[in-house]
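**Student:** Based on these hints, arrange chain F on the given structure of chain S.
Listed below are the residues making up each chain.
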Amino acid sequence: MAAKAFQRTYTHLQAITKATVSLNARGVANDELATVNGKLAQIVKTKGDLVTLQVFSGTEGIPTDAEVSFLGAPPTLVVGDQLAGRFFNAYGKPIDGGPEIEGEEREVGGPSVNPYKRRQPSEIIPTGIAGIDLNNTIVSGQKIPFFADPDQPYNQVMADVALRADVDKIILGGMGLSNDDYLFFRHAFESAGALDKIVSFVNTTEEPPVERLLIPDMALAAAEYFAVDKNQKVLVLLTDMTLYADALSIVSNRMDQIPSKDSMPGSLYSDLAKIYEKAVQLPDGGSITIIAVTTLNDGDITHAIPDNTGYITEGQLFLRADSDSGKVIVDPFRSLSRLKQLVQGKKTREDHSQVMNAGVRLYADAQNAKSKLENGFDLSDYDLRCLDYAKEYATRLLSIDVNITITEMLDTAWDIFSKYFTPTETGIKQALIDKYWKKD
Amino acid sequence: MKTTGKVTGIVSNLVTVTVDGPVAENELCYIDLSGTRLLAEVIKVNGDRASVQVFESTRGLRNGDKVEFLGRMLEVTLGPGLLSSIYDGLQNDLTTMEGVFLKRGEYTEALDHEKLWSFTPIAKAGDKVIAADWLGEVKEGWLPHKIMVPFSFRGEYTVKEIAPAGEYNIDKVIAVLTDGAGEDVEVTMTQKWPVKVAIKNYREKPRPRKIMETGVRVIDTFDPIAEGGTGFIPGPFGCGKTVLQHAIAKQGEADVIVMAACGERANEVVEIFTEFPELIDAHTGRHLMERTTIICNTSNMPVAAREASVYTAMTICEYYRAMGLRCLLLADSTSRWAQALREMSNRMEELPGADAFPVDLSAIIATFYSRAGMVVLNNGQTGAITFIGTVSPAGGNLKEPVTESTKKAARCFYALEQNRADQKRYPAVSPIDSYSKYLEYPEIIEYLNEKIEKGWVDKVLKAKNIVRRGKEMADQINILGDDGVPMSYHEAFWKSELIDFAFLQQDAFDDVDALCPMERQKFMLDLILDICDRSFEFEDFEQCRNYFKQLINVLRQMNYSEFDGEQFKDYQQQLSKLLS
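So the sequence lines, in the order shown, correspond to chains S and F. Mapped onto my numbering, the consecutive letters of the first sequence carry residue numbers 42 to 481. Mapped onto my numbering, the consecutive letters of the second sequence carry residue numbers 8 to 587.
Just so you know, not all the hints are guaranteed correct.
Unchecked claim - Only part of the chain F face toward chain S is listed, based on derived beta-carbon distances under 7 Å:
1) Thr-11
2) Thr-15
3) Gly-16
4) Ile-17
5) Gln-346
6) Gly-402
7) Gln-430
8) Phe-516
Claimed, not checked - Below, simulated BS3-like cross-link-like pairs (lysine-lysine); rule was C-alpha separation at most 30 Å, straight line:
9) F:Lys-131 x F:Lys-212
10) S:Lys-158 x F:Lys-110
11) F:Lys-584 x S:Lys-470
12) F:Lys-469 x F:Lys-576
13) S:Lys-413 x F:Lys-556
14) F:Lys-529 x F:Lys-466
15) S:Lys-470 x F:Lys-431
16) F:Lys-9 x S:Lys-88
17) F:Lys-110 x S:Lys-479
18) F:Lys-458 x S:Lys-480
19) F:Lys-471 x S:Lys-413
20) F:Lys-458 x F:Lys-469
21) S:Lys-476 x F:Lys-576
22) F:Lys-122 x F:Lys-110
23) S:Lys-88 x F:Lys-51
24) F:Lys-458 x S:Lys-476
25) F:Lys-414 x S:Lys-302
26) S:Lys-460 x F:Lys-466
27) F:Lys-431 x F:Lys-556
28) F:Lys-51 x F:Lys-199
29) F:Lys-431 x S:Lys-411
30) F:Lys-122 x F:Lys-212
31) S:Lys-134 x S:Lys-271
32) F:Lys-431 x S:Lys-368
33) F:Lys-431 x S:Lys-479
34) F:Lys-207 x F:Lys-135
What the hints assert, rightly or not - Anything over 10 Å on all C-beta distances counts as not near chain S; from chain F, calculated:
35) Lys-9
36) Val-49
37) Arg-161
38) Ala-170
39) Gly-189
40) Lys-414
No wet-lab data here; the hints were simulated from the structure. Cβ coordinates follow ideal geometry from the N, Cα and C atoms, glycine included.
Extracted from the complex, chain S is given alone in its bound form (with noise of 0.2 Å):
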């Protein structure tokens, strides 16, 4: 973002706002880039010579006679094999200290791929959380995020699975991280000793949220620099994605756009679905798999922002605190993983699928057990028997301090059900329970 030869300069403003200003200027380009008095801004809209500039930084201190300078060039980032190790802000400078990066200048925000040239996602990205790969299986090329009240660990279990998952890089794009957070994460890699293979764009709650807006597709730039042209798998995390909308819902306030459900952009689907639809498969091997954090207000799923977000991603993971057995887990009835069956059993054991699916029914059962026992009725024998199952279950395998391999958490499933149940209880295939039912 250098300043080029023939910048053309404007220093009269028409109109400000808190996140826009408006100028008469001629000859610049949807989306361009400019500077308003060294702030950083992007073109939104043109009416005649008319033309709005969103401030990343906010307008705070602008004067009307402000220093307006076109750049020429729509968002860059500089990508490169140095970008691993790196800390960088939404503008992609370095944060960490670091020297600048050298490399290829390119357009964030770029094209889609073609659908036709994706390949179909079949590789599991391991976790060694049962709640995810036993229940929720996570493919590469899979975008999913965690539905999670903003008191729950979130940001604990991204940066676990991320140094879990057996990935080539992995991109952190933080949106208004705590600068609690942002060492959180820069303390876990470095002491996983991991930091060569991670990149990170990190905006924290200090500065100003309409920055945020970058940062996804930085982190996606850097992603498809890594995915495409050196065919590595890459795992982006983006935190905290409903941040990022707030911040959407902000510049389109200002620029007094009629808003749809819950002040959101009527465009809100599309904003969304242009970072996740990153998340793909490529046809020489390289793979973009995003797990993202969505924030909840008090659970509320129905919310724009969630809402949206469910129909675009392919799953979603819900952590919940159990108070059978006093441990986060994930939660195995609001949880999903759409693209679970492409590896489930064919990647897999042959039982995966029927006793991940017995596990959750017996669970249910449980709970239909506990309301009951609530309500004060009497528990039959096998209401009894699903509570038991329920706190071992929750215990054993969908707490997520669990790490072990998919093998080993199917033995477990068959030991706890052969615990508490007959075979028939369980409903699986006759020709699984005859291979796999433990007898004592």
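**Tutor:** Quick look at chain F alone, frame taken from chain S:
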């Protein structure tokens, strides 16, 4: 002379153009972005300013950039080779594009101009013909693809010459027709048609009178869809909308399938690309892909082309219907299309209707659904378009504009329930809230009487009633407790569970269970209703539950076994033993 213009305003993909001549609503134009031509469509005209929606990203576009109007609306190219193609919303062939990424302004040919087709004439010199009459035929896969008098021809024509049987490419003149004024016109194997105009070259559109089988029990038996009928599947995310739609696409009894992936996930389309070429059509033994066209505007592709994609898909269906074929159109999801309309309406600063959708949303949806249907062609043969759309209601709440508008337009309603999905009761189609208006059609009742057995619909209504009663009993049991209700409540509840688990639920990922032909559906329903007709003596509710669980288990194992195979018969015997 063609109208030209200059860009004078840009907000995202809405561009304002000052024009120097006449322009038409929905007319297309090219915007020149330093040598790259971006296709756009006029959506509003005010004085000499036209608002156009651009089918591409407008990044880098400048005020003053040149615009050239094309004098035509968005059209599709119709001809042999549409089947097994994969198009974007504007009918660009995605398979012939170079590179991994989509490039702006790259438009590809819809049909292969080199490929030779084996042509057989139907009409002969001297025949009087009108638009949509069949002139000849080529074999497209195993389907007879009719070459027709172009739909846009008005009045009667006389066939002057017709090409003899032979191998030709699509551009070959296969007939010369003479119009009433004595002018000769040449006809090739292709024609163009504007997507937003319905093809109406048929004699009449009667009420549907047949059922389209899908192999999905909850649809075929409980709420069947008619051939030429309309239905929609609303459901919150994660309820199995896509799995259900894919099952219908794989198994639906139709000659031609057009799938419009409209603003949905790219990986779902990839699943179709990957699976369909491997799948064999149960009805003909041929590859599914041979009878399938995919229109693909995934959620990250340009928003404006989303709307175009459903119209493109419908027009292709209308083309095949005019050949006397049965088409099945699946659009996933029409909500994304409605959202595209909302984005545009919002940028044009129109006064919004409910939830910021444009006020004419209802009318747009109704007009679109009305293009489906069974028709009698001018030659007396019939063709049909069965249309099933999915709706993605915001927040899973069915009281929102897209669901409500669609409910008025579609005749079948397959409500997916979060509750059922949470309990992994798939397909999560609610047996209580869903309905098929076709079950009330006397023609359909008569058809089912003949096709399946006399009084079939009564049987279905009886099964539905058992399910409904079971739900009421379950509510009572929940309120009063297991011991607080008479035994008959438990029995009624478990009879409904029996229908639910052994009939309504179906494993779309099991090779055997996924496709259940009507004959097998009838067999299983008879078996289950026979159990429901019996009355049992139980000592307590635990015994009742355990007994029904055993029945359910055996019946489910039957669903997993080859129909009438040895294993199936074994389980049948086990069932008789349990019942005696």
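**Student:** Each hint: holds or not?
**Tutor:** Consistency of the hints with the structure:
1. Thr-11: Since the shortest Cβ distance to chain S is 19 Å, the answer is violated.
2. Thr-15: holds, 6 Å
3. Gly-16: The hint holds - Gly-16 of chain F has a Cβ within 7 Å of chain S, the shortest such distance being about 4 Å.
4. Ile-17: At 5 Å from the nearest chain S Cβ, Ile-17 of chain F passes the 7 Å test, so the hint holds.
5. Gln-346: holds, 5 Å
6. Gly-402: Where the cut-off is 7 Å and the nearest Cβ of chain S is about 3 Å from Gly-402 of chain F, the hint holds.
7. Gln-430: For Gln-430 of chain F, the interface hint holds, since the closest Cβ of chain S sits about 6 Å away, which is under 7 Å.
8. Phe-516: holds, 6 Å
9. F:Lys-131 x F:Lys-212: holds, 28 Å
10. S:Lys-158 x F:Lys-110: holds, 13 Å
11. F:Lys-584 x S:Lys-470: Satisfied, since the Cα-Cα distance of roughly 20 Å is no more than 30 Å.
12. F:Lys-469 x F:Lys-576: Answer holds: Lys-469 of chain F to Lys-576 of chain F is near 27 Å, not above 30 Å.
13. S:Lys-413 x F:Lys-556: holds, 20 Å
14. F:Lys-529 x F:Lys-466: Distance ~10 Å between Lys-529 of chain F and Lys-466 of chain F Cα, so the pair holds.
15. S:Lys-470 x F:Lys-431: holds, 16 Å
16. F:Lys-9 x S:Lys-88: holds, 25 Å
17. F:Lys-110 x S:Lys-479: Not OK: Lys-110 of chain F and Lys-479 of chain S at ~57 Å, beyond 30 Å, violated.
18. F:Lys-458 x S:Lys-480: violated, 50 Å
19. F:Lys-471 x S:Lys-413: Status holds; Cα separation ~28 Å.
20. F:Lys-458 x F:Lys-469: Holds. Lys-458 of chain F to Lys-469 of chain F sits at ~19 Å (cutoff 30 Å).
21. S:Lys-476 x F:Lys-576: Holds, at roughly 23 Å.
22. F:Lys-122 x F:Lys-110: Holds - the C-alpha atoms of Lys-110 of chain F and Lys-122 of chain F are around 26 Å apart, at most 30 Å.
23. S:Lys-88 x F:Lys-51: Holds. Lys-88 of chain S to Lys-51 of chain F sits at ~16 Å (cutoff 30 Å).
24. F:Lys-458 x S:Lys-476: Violated, at about 43 Å.
25. F:Lys-414 x S:Lys-302: holds, 21 Å
26. S:Lys-460 x F:Lys-466: Violated, at roughly 42 Å.
27. F:Lys-431 x F:Lys-556: Holds: Lys-431 of chain F and Lys-556 of chain F sit about 17 Å apart, inside 30 Å.
28. F:Lys-51 x F:Lys-199: holds, 24 Å
29. F:Lys-431 x S:Lys-411: Distance ~19 Å between Lys-431 of chain F and Lys-411 of chain S Cα, so the pair holds.
30. F:Lys-122 x F:Lys-212: violated, 35 Å
31. S:Lys-134 x S:Lys-271: holds, 22 Å
32. F:Lys-431 x S:Lys-368: holds, 24 Å
33. F:Lys-431 x S:Lys-479: Holds, at roughly 25 Å.
34. F:Lys-207 x F:Lys-135: Holds - the C-alpha atoms of Lys-135 of chain F and Lys-207 of chain F are around 19 Å apart, at most 30 Å.
35. Lys-9: holds, 25 Å
36. Val-49: For Val-49 of chain F, whose nearest Cβ neighbour in chain S is about 18 Å away, the distance exceeds 10 Å, so it holds.
37. Arg-161: At roughly 39 Å from the nearest Cβ of chain S, Arg-161 of chain F sits farther out than 10 Å, so the non-interface label holds.
38. Ala-170: At roughly 34 Å from the nearest Cβ of chain S, Ala-170 of chain F sits farther out than 10 Å, so the non-interface label holds.
39. Gly-189: holds, 48 Å
40. Lys-414: holds, 19 Å
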